[in-house]
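Required output: the full structure, derived from the provided sequences and hints.
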Amino acid sequence: GAVVSQHPSWVICKSGTSVKIECRSLDFQATTMFWYRQFPKQSLMLMATSNEGSKATYEQGVEKDKFLINHASLTLSTLTVTSAHPEDSSFYICSAHPGFPYGYTFGSGTRLTVV
Amino acid sequence: QKEVEQNSGPLSVPEGAIASLNCTYSDRGSQSFFWYRQYSGKSPELIMFIYSNGDKEDGRFTAQLNKASQYVSLLIRDSQPSDSATYLCAVRKDTGTASKLTFGTGTRLQVTL
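Protein chains in written order, with our numbering: chain A, 1 to 115; chain B, 1001 to 1113.
The hints are simulated quantities; they were obtained by calculation from the structure and are not laboratory data.
Just so it is clear, CB atoms sit at the ideal spot from N, CA and C, and this is done for glycine as well.
It is possible that some hints are incorrect.
Counterexamples of contact, computed for chain A against chain B with all Cβ distances above 12 Å [stated by the list, open to error]:
1. 12
2. 70
3. 72
4. 78
Here are some, though not all, of the chain B residues that point toward chain A, as calculated from beta-carbon distances under 8 Å [what the hints assert, rightly or not]:
5. 1043
6. 1097
7. 1098
8. 1100
9. 1101
10. 1104
11. 1105
Here are some chain B residues pointing at chain A (derived, C-beta under 7 Å) [said to hold, decoys possible]:
12. 1034
13. 1044
14. 1046
15. 1103
16. 1106
What follows is the structure, given as structure tokens:
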């Protein structure tokens, strides 16, 4: 149990286009999901906390209009990178907590390359 | 001062030895502590978590927590080459599944043959 599925695993897009990343909790309901970004050889940086049925909470310095988060159901959260630029190229990972006795579970990540 | 600090390494240990990974945190009110393993290019995998002072063992792994010293460690016994990875320490300030984690920068472990 406690599986988080993330798609796609990798995506290449042209500069200026938008990319949507999906994160699903497969065997539990997640009222909250977390979106991280990780640049090479750096640690995970929390971008935003996604809340089912309400607005996401963004960390300081993260552009809300650029990184659109939608958490429309208890099992699905999406992150849309709008008007992507090469500097948005990174590893994006989602996470959720199924509750005790599990810890925070991570999706497999999405490697975004903007060309 | 960083919220969660780890030595970046690399920490090199021979196969079969004990690897000791350390983490300190700044917020004395932190409630729970997590250790993750991350292989290059992959997402983090949970090793174990600990809430109470003392030791918690799970197979070859032992987490140790000392809240008075604001210190948490992970011991890996009988280290294997497959343990070579980056180990991330994460701290949660509040209780509940909606509470976010704060990660350290990770310690890279190399287990040599």
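How the hints compare with the structure:
1. Against chain B, the non-interface label of residue 12 (chain A) holds: every CB pair exceeds 12 Å, the least being about 16 Å.
2. Residue placement check: residue 70 (chain A) keeps its beta carbon more than 12 Å from all beta carbons of chain B (closest about 17 Å).
3. Non-interface status of residue 72 (chain A) relative to chain B is upheld: no Cβ of that chain comes within 12 Å, the nearest being about 17 Å off.
4. Taking the minimum C-beta to C-beta distance to chain B, about 17 Å, the non-interface status of residue 78 (chain A) holds against the 12 Å cut.
5. The beta carbon of residue 1043 (chain B) is positioned within 8 Å of a beta carbon in chain A (closest approach about 4 Å), and the interface hint is therefore held.
6. A least Cβ separation of about 4 Å between residue 1097 (chain B) and chain A falls short of the 8 Å threshold, and the interface hint therefore holds.
7. A least Cβ separation of about 4 Å between residue 1098 (chain B) and chain A falls short of the 8 Å threshold, and the interface hint therefore holds.
8. Residue-level restraint check for residue 1100 (chain B) holds (minimum Cβ-Cβ distance to chain A is 6 Å; threshold 8 Å).
9. A hinted interface residue such as residue 1101 (chain B) counts as satisfied when its beta carbon comes closer than 8 Å to some beta carbon of chain A; here the least separation is about 6 Å, so the hint holds.
10. For the restraint placing residue 1104 (chain B) at the interface with chain A, the shortest Cβ-Cβ distance is roughly 7 Å, inside the 8 Å limit, so the hint holds.
11. Interface restraint check: residue 1105 (chain B) against chain A, minimum CB-CB distance 4 Å, threshold 8 Å, status holds.
12. Restraint check, residue 1034 (chain B) versus chain A: the minimum CB separation of about 6 Å is within 7 Å; hint holds.
13. Checking residue 1044 (chain B) against chain A by beta carbon gives a least distance of about 5 Å; that is within 7 Å, so the hint holds.
14. Interface restraint check: residue 1046 (chain B) against chain A, minimum CB-CB distance 4 Å, threshold 7 Å, status holds.
15. Below 7 Å, beta-carbon pairs count as interface contacts, and residue 1103 (chain B) has one with chain A at about 5 Å; its hint therefore holds.
16. Residue-level restraint check for residue 1106 (chain B) holds (minimum Cβ-Cβ distance to chain A is 5 Å; threshold 7 Å).
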